[in-house]
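Colleague: Okay, here's what each chain looks like letter by letter:
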Amino acid sequence: MPEFLLEVGTEELPALDAPVLAAALARTLEQGLEEARLPFQGTEVYWTPRRLAVLVRGVPERQEDLVEEVRGPAVVVGLDADGNPTEAALGFLRKYGASPGDLVRKKVGDKEYLFLRVRTPGRPTGEVLAELVPRAIRALPCRKTMRWDSSGISFLRPIRWLVCLLGGEVLPVKLGSLEAGRVTRGHRFFGPKEVELASPADYVEALRSARVVVDPDERAGMIREAAAQVEAEHGVRALWTEELLGIIVGSLEWPAPVLGEFPAEFLDLPAPVIAAVLHEEGKFVPFARDGEPAPVFLGFRDGKEDERGYVRQGYERVVKARLRDARFFFENDLKRPLAERVPDLRGVVYEARLGTMWDKVQRIREICARLSRYLWAEAADREEFGKLLDRAAFLCKADLTTEMVKEFPELEGVMGGIYARRSGEPEEVARAIEEHLLPRTRADELPETELGTALSLADKLDTVTGAIMIGEVPTGSRDPYGIRRAANAMISLVLRKGLVVDLFDVIDAVAEFYPRLPEGRGPEEVKSFLIERLRYILRDDHRIPHDVVEAVLAVPRGDFSGLLERARALASLRGEASLAEVAQLFERLRNITGDHTETSFDPELFQQEEERELWRAYLRAEGHVRRALEGRDYVGALKALLPLGEPIHRYFERVFVMVEDEGIRRNRLSFLRALLSLFLEIGDLSRLTT
Amino acid sequence: MRSGEKRVRTFQDLVLALHEYWRDRGCVIFEPYDVEKGAGTFNPATFFGCLGPDPWRVAYVEPSRRPTDGRYGENPIRLRLHHQYQVILKPPPPDIQDLYLGSLEYVGIDLREHDVKFSEDDWESPTLGAWGVGWQVWLDEMEITQFTYFQQMGGIDLDPVSVELTYGLERIALFLQGVESAFELRWSEDVKYGEIWHEKERQFSIYNFEQADVERIRRMFELAEAEARACLEAGLVFPAYDHTLHCSHLFNVLDARGAISVAERESYIARIRELARACAQNYLKLLEERRARVLA
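Residue numbers (this note's numbering), protein chains in the order written: chain A, 1 to 690; chain B, 1 to 296.
So here's chain B without its partners, still in its complex pose (with noise of 0.2 Å):
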């Protein structure tokens, strides 16, 4: 018997062993940040976070959006929206990799009955400007886990660099439920997962892929890069990175709804990534100018 089954029961039992588990390793524990994202890399705590020289440790639960991956609630683990569980830490300790093998038992996986494997995985998102080094950890060839030594961030060099590690959450309770499908998870002793989730699943899928109006969303993505455009000239850099999300996700759905050419992807990309990092330039400018520390 797994030492911690007892304890780890649910999907939120889950969420809450981490919290404790990496709030007692000096993190903050934040709260998902409640704008639209397709990752918790996405969320302002790492973003801002992770720039900068100031030592940084967070964590928080983030449900992330990505309509490509959408299947109509009808494939088990193939979700439109899932849950990641982010851990940032800044800078990694020498021992961050038996840190997080700790944090696997603590949620109770007996990693002396199981087979933990790190296996080479390079990180990298085009939009925000930034790429990490690292794996893919597998749990008895099941991924669980997204592990990246950060190197840029918004086009700049970190220094230090952060460790980013991004649980699958919906994976690692399949693992430790026993079940198959998502849907079937404890979400807590009384609710069902897929009785929160499968409708929104459901109609967000064919939203995604079959209503969202093309034209409509090409011109919102328009809208919050102007807006972005206009905060970053006023100086606001949280609200243009706000609206820099805003854009993030728009794209995503045009590229759901394929309306997304090969050559016109580059340049919305390319337009995405300028935002990012003009956020990040004016984040670091205005560190500076306080001369003090305002935590992403």
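Next comes chain A alone, as it looks inside the complex (with noise of 0.2 Å):
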């Protein structure tokens, strides 16, 4: 059986989408093969910035013939008294081209209809694929599109060639103004500018000869054989992130190492400040020894190894300019102790209506007096907590000021940190400042200490209130402030730290430190913001089912975690019956009260049974309830709830509420609103679904 080869020729591909588009493009394949009844043994993805490939293994010559049986008229209709196919079935048989004898009788429901037997020969695979290839190709999933010319063919990146092989056939695939051949393009500067393939089964080799490696794994292979190489000989290990490797394999067809050395004497620079010297320029992998930085990085150039070292020259000359660089800020920023620059910050706008960065350093330090009051408050040097969060907050945005943050804008709070700690301010202000940017997004890594925690947290907050107060309030794509990215970071905070703080009395509390403006909003509207993207939040991130977030979030509050916790309660027991049927009762139990919003009853008006009953049982539930909610056992709470369940029931089969009698009146609505209320310390269990 034949192989199939399709290679998508392209000028450079941005690194991190080719994996994604040849995925994408094999899926597709795979889908449109299956639909068309041509089963395969399998296929194998390839790709490199010029070219997207798949390789479909042991593909069947043609495709099944489909054998469907067609109904035509019914019997009635379609034979004559005599049997005798009337002018309806010989207007069927002409259309399939069948005869009389072909027709057999089957019965649908409690009608005999004529059927035939319609047999379609397979088509061959060449003809298949011929269609199934240009809409594969325009249905790829580009983050953006282009165009390059006037066909109307639209993608990431020009489409420059097209290779479409089956077996040893080039098939016929013609896409806007390309028509694919057999002929593919080697490495830009050191394979053959044309490469033609016999077959689909050469593809690889083909390509290794014209110095292009298709396969992302070789080449990370390679390029991670080049580091531990780099590793043994220099006593190193190699700073690898997951998106440094991805761009690196995405960027290159060959991976060539080039190993880099800079002068010693930029070693006393710190650490993050040479990683992004080397990240910013290039993509160049750092090296550490005994965790300190190493004077070596590694390039890789695309296609050939570096003989004659000018490219080395090269990387070295731009890498030293920009070390250069960065240590004339750095010595320039250490002229001055942190502390001094803040007030420097009232020359950084922040925001027109909002002010300075130095107007919002005190929004920050406000938000921070309120949250050291709820944040460790059982700490014993809750005093001192408060005293060194503040110093933090006073000194974390002063490092905008400075040169070097300016130059690498991804260092700011790490340089912050880093002058605090050479100012001579104490090390818990100096980490707090260094983390109070994270997480940067929900799935950030979270600062480390309380201060940094506690920094970040007022820092956002201070970020998404100021927005919303003055109005910008963030709609369909338009963000210009980013209130969505720091709102859900923050959120994310608070529940993977499992913050216990209400946001809502926080904003309460700062509210009157922003600026009320006719466009504006109130705190109420940020509290609303907020809750929005918790919705979001538990059902993408904590995978909370729909109807559980509703049934919490109907209730709002500004302890988030608290929400959190009630909901996965809610989720664990969700299949539970006793669950079930207070839930439905809590329907009845609302709809009864309506707006009777009173919750002091008087037991000695009861009248019936089933009226003691519950208010027994709800005394008991009560006691274990409020307990459960101090201690934030939340399955516990729920749990003394469910046996509520059969007594409610109960009272509603006997208890008539709406009598005449006011007093009587009044005094049930009240209790069963004070019963409502209990509920209501868990959610609106009517929006579950179960």
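Hints were generated in silico from the structure; no laboratory data involved.
Be a bit skeptical, because a hint or two may be false.
[Claimed, not checked] EDC-like, lysine to aspartate or glutamate: derived pairs with alpha carbons at most 16 Å apart:
| hint | chain 1 | residue 1 | chain 2 | residue 2 |
| --- | --- | --- | --- | --- |
| 1 | B | 285 | B | 54 |
| 2 | A | 639 | A | 541 |
| 3 | B | 200 | B | 210 |
| 4 | A | 144 | B | 124 |
| 5 | A | 144 | B | 120 |
| 6 | A | 193 | B | 98 |
| 7 | A | 497 | A | 448 |
| 8 | A | 174 | A | 112 |
| 9 | A | 387 | A | 427 |
| 10 | A | 95 | A | 131 |
| 11 | A | 497 | A | 565 |
| 12 | A | 193 | B | 95 |
| 13 | A | 497 | A | 427 |
| 14 | A | 335 | A | 261 |
| 15 | A | 95 | A | 68 |
| 16 | A | 527 | A | 502 |
| 17 | A | 387 | A | 444 |
| 18 | A | 107 | A | 69 |
| 19 | A | 304 | B | 110 |
| 20 | A | 144 | B | 122 |
| 21 | A | 406 | B | 255 |
| 22 | A | 406 | B | 69 |
| 23 | A | 144 | B | 222 |
| 24 | A | 106 | A | 131 |
| 25 | A | 497 | A | 581 |
| 26 | A | 304 | B | 113 |
| 27 | A | 320 | B | 180 |
| 28 | B | 200 | B | 69 |
| 29 | A | 639 | A | 559 |
| 30 | A | 639 | A | 661 |
| 31 | A | 527 | A | 505 |
| 32 | A | 320 | A | 366 |
| 33 | A | 144 | B | 121 |
| 34 | A | 639 | A | 581 |
| 35 | A | 320 | A | 261 |
| 36 | A | 527 | A | 541 |
This one's a predicted model, so the numbers in the text were calculated from it and none came from an experiment.
Can you join these two chains into the complex? Each is in its own frame, and there are hints to help.
Modeller: Right, dumping it as structure tokens:
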């Protein structure tokens, strides 16, 4: 059975997109083949910056014939009294080129119809593929598309050639102005411009001889191997990140390592600065020796070893120039202690309506003052904690005025920490500043220290509150202040750290520090915006079922960790019959109480045994629920509520609430309202779908 | 030894070599446009040249002013004014990448002895209402060119699209001459780059960062904007565009002066973009009315 090869030749694809597109191309082809009744043995996916390729092994020569039963007219219509075909049946036969002898009678429901067994001969695989391929290419999911000629085709980068081979044959595939052939292209500088392929099986090796390694895993192996060799020879450890490896693999057709060195005099620069320089200037791999930066770096040239050392010279020149810049910035920055820079923040605009970075820092300090009442409030050294937190808040934005951060914005925070330490600030303060931008996104790493956590929370809360108070609520894809991301990161910090803090209280307490503008919003909008983000995070990051999220968020609270725990408790008991029963009764309870809000009642006014029974059950449950809530044991609280189901049920069966006597009626409503309030401590159970 | 080393010894040799190369490939060799601007893209030969259906090939040097990049002449490669070599090819030929690489070889860069990478970089100019898709081109990990397939200009979808090649002339000259500071470059055999430009870098940095009078510059912006609008109303698209360029540069000066807040930035950019859009639309109308080439 033949093999099939599709190669889409492109101009350089963005490094991290090519693997996604190649996988999608393979998936679409596989699905297309399966739908076309063309079982195959397997597929292999290859890609480089200049090509996406799929090799399908063991494709049949043609589709199986398709045999289908086709329904024609009903027997009463299709056959006359003598059993001969009528004009209707003859038409049906003509359509499929069949004769009366082929007709079969079959019952559908209680009516009898004429049927034909129709055989559609399988088409040659090449024909099917020639239709499938352009569709598969057009369906590739690009995050951004472009046009490069007037053919109407758009893609992530220009498509310049197509190889489409079934066995030894070129398939007649057209895409825009391109026609598929058997000619691929070798490495841009070190391979032949054109490489003719006799058959799909030649693909990998033919391109290898043309200085292209089409298998990304093999390229990753070559890169790691080169780094391992440096590690062994120089007694150092490569500082990889997944992203760095991905970018290197994705930007080369043939990785050829180039080891560079930089003068040891630069080693007194902080490690994050050296790493920033190496990452920025062309994706070099940094190394460490005994945890300290080592004066070597590894770059990769595309295609061929750097025999004459020109490339190495070029790399070293670029790195040295940038390290020299960095040192210049570092030394200049160190001329002033960090605290002295803080007043300069008055000259750094944060936002016209929200003032300067100085104003932001003042707000962060106010928020921190409130937070330190919640966070780690039991700590004996609470006062000390508050003082250190305030110092860290005071200093946390000062690095924005440094040359280094202006040049390498990704070092914001990190530099603040380094400069704080050098200025003699307490280590805890330096750490907190260093960490205060973490997490940058929902998935990012978290601050390790308590001070860093509190400061991060305060900074993000100010960003979100400020933007919303001046009316900059994100709409659709418009979010110029990055509020969604800030809110997501903040909520993720609270939830992942399990912080017990009432954000709503804090927002109310600091609301006075924000401008009130005609187009602005109030603290309530800040809260509902955060609840919206929480809704999304509970569903997406914590996999809480939709209805449980709705049940819990129907009673919004500022204690987001508590909301998550409530949701988890509900989700864990979701299958239980007693919960389903309570959920059903909840709705009735709410309907009958309506807008009655009074919750104090007099048990002396109860008249029926069912009332007293429910009252006793309520008293038992209430104690348990309150204790459990205090201990943040939401499963316990929920379990204490479940036994109420039966007595409520009996109550509704026997007790008529809306009696004439107003006193009795009001007392009953107040009691039910108290009962409802107890349930609402967990959430609006009527939202549960089980 | 690199093949072209003898020929391209100076900064001006580099310009002349690129002129030759692109002249031989059908480009109009244009001059820098005599209104201040932040990039060669703002030159009418690019802004208007990319609009409309007619083929257009042009190449020129553009001295590009970026007030915020000034370093008082103290940074070896960061300059308030640098020189771009700008090429527009409309429509782009299918072998455009090879053509571009050919120009590097032509000026004396041996591609088989160095490392050239096309690294994703999508370009956008919010003030021009323009965006495109392409790469930064890195030579031994030094950025030397911005390579862009323009998709929109002045808010208008381009058909055909154009390719813009923007060479950083100082960067390439540093590479060819093997020196580390732009001021050390040979401009001609006898004159250094620094002799021409160093004092200007210093003075303009002082001006842009410390001296420029914010209130007066704001007023100048308002005046240029009003003048652009008046020209648009009178159907004078090219004068209107000149004043749009003034607006763009004055905005850059205000920005360098630290006089623009985040919120203001958006509104200033939107005002310039409005003018650019109107210029683009009026230009296309003009093409239609005249039914003839009115070249940028």
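Colleague: Hint by hint, say whether it matches the structure.
Modeller: The hints, checked one at a time:
Among the hinted pairs, residue 285 of chain B with residue 54 of chain B is consistent with the structure: their alpha-carbon atoms are about 14 Å apart, no more than 16 Å. For the given pair, residue 639 of chain A sits about 26 Å from residue 541 of chain A by alpha-carbon distance, which is inconsistent with the 16 Å threshold. Distance hint between residue 200 of chain B and residue 210 of chain B is fulfilled; the C-alpha atoms sit about 15 Å from each other, no more than 16 Å. Between residue 144 of chain A and residue 124 of chain B, the direct Cα distance comes to roughly 13 Å. Compliance with the 16 Å bound is thereby established for this hinted pair.
Restraint check: the Cα-Cα separation between residue 144 of chain A and residue 120 of chain B comes to about 12 Å, which is no more than 16 Å; the hinted pair holds. Simply put, residue 193 of chain A and residue 98 of chain B have alpha-carbon atoms about 11 Å apart, close enough for the 16 Å limit, and the pair holds. Between the alpha carbons of residue 497 of chain A and residue 448 of chain A the distance comes to roughly 10 Å, so the proposed pair stays at or under 16 Å and holds. Between residue 174 of chain A and residue 112 of chain A the alpha-carbon distance is near 48 Å, which puts this suggested pair outside the 16 Å criterion.
Taking the CA atoms of residue 387 of chain A and residue 427 of chain A, the gap is about 14 Å. The hint holds against a cut of 16 Å. Note on residue 95 of chain A and residue 131 of chain A: the hinted pairing is violated, with a Cα-Cα distance of about 26 Å set against a maximum of 16 Å. Pair hint residue 497 of chain A plus residue 565 of chain A holds up; C-alpha atoms about 13 Å apart against a cutoff of 16 Å. Of the pairs offered as hints, the one joining residue 193 of chain A and residue 95 of chain B holds, with about 12 Å between alpha carbons and a cut-off of 16 Å not exceeded.
A hinted pair counts as satisfied when its Cα atoms are at most 16 Å apart, and residue 497 of chain A with residue 427 of chain A does not qualify at roughly 22 Å. A distance of roughly 29 Å separates the Cα atoms of residue 335 of chain A and residue 261 of chain A; the hinted pair therefore is violated under the 16 Å criterion. For the hint pairing residue 95 of chain A with residue 68 of chain A, the CA-to-CA distance comes to about 15 Å; that is within 16 Å, so the pair holds. At roughly 11 Å between alpha-carbon atoms, residue 527 of chain A and residue 502 of chain A fall within 16 Å of each other, so this suggested pair holds.
Between the alpha carbons of residue 387 of chain A and residue 444 of chain A the distance comes to roughly 28 Å, so the proposed pair goes past 16 Å and is violated. Annotation: proposed proximity of residue 107 of chain A to residue 69 of chain A holds, straight-line Cα distance about 13 Å (limit 16 Å). Taken as a hint, the residue 304 of chain A and residue 110 of chain B pair is honoured in the structure, with Cα atoms around 14 Å apart against an allowance of 16 Å. Proximity of residue 144 of chain A to residue 122 of chain B is assessed by CA-CA distance (about 10 Å); at most 16 Å being required, the pair is judged to hold.
Between residue 406 of chain A and residue 255 of chain B the alpha-carbon distance is near 15 Å, which keeps this suggested pair within the 16 Å criterion. The suggested pairing of residue 406 of chain A with residue 69 of chain B holds, with an alpha-carbon distance near 12 Å, which does not exceed 16 Å. Restraint check for residue 144 of chain A and residue 222 of chain B: not satisfied, since their Cα atoms lie roughly 36 Å apart, outside the 16 Å limit. Between the alpha carbons of residue 106 of chain A and residue 131 of chain A the distance comes to roughly 36 Å, so the proposed pair goes past 16 Å and is violated.
As the CA atoms of residue 497 of chain A and residue 581 of chain A are separated by approximately 34 Å, the hinted pair breaks the 16 Å bound. Restraint check for residue 304 of chain A and residue 113 of chain B: satisfied, since their Cα atoms lie roughly 9 Å apart, inside the 16 Å limit. As the CA atoms of residue 320 of chain A and residue 180 of chain B are separated by approximately 10 Å, the hinted pair is consistent with the 16 Å bound. As the CA atoms of residue 200 of chain B and residue 69 of chain B are separated by approximately 13 Å, the hinted pair is consistent with the 16 Å bound.
Under the criterion of a C-alpha separation no larger than 16 Å, the hint pairing residue 639 of chain A with residue 559 of chain A is inconsistent with the structure, at around 21 Å. A C-alpha spacing of about 35 Å is found between residue 639 of chain A and residue 661 of chain A, which places the hinted pair above 16 Å, so the restraint is violated. A distance of roughly 10 Å separates the Cα atoms of residue 527 of chain A and residue 505 of chain A; the hinted pair therefore holds under the 16 Å criterion. For the hint linking residue 320 of chain A to residue 366 of chain A, the alpha-carbon distance of about 44 Å lies beyond 16 Å, and the restraint is violated.
Straight-line distance between C-alpha atoms of residue 144 of chain A and residue 121 of chain B comes to about 12 Å, which keeps the hinted pair within the 16 Å bound. Taken as a hint, the residue 639 of chain A and residue 581 of chain A pair is honoured in the structure, with Cα atoms around 13 Å apart against an allowance of 16 Å. Between residue 320 of chain A and residue 261 of chain A the alpha-carbon distance is near 9 Å, which keeps this suggested pair within the 16 Å criterion. For the proposed pair residue 527 of chain A and residue 541 of chain A, the alpha carbon gap of about 20 Å is over 16 Å, so the pair is violated.
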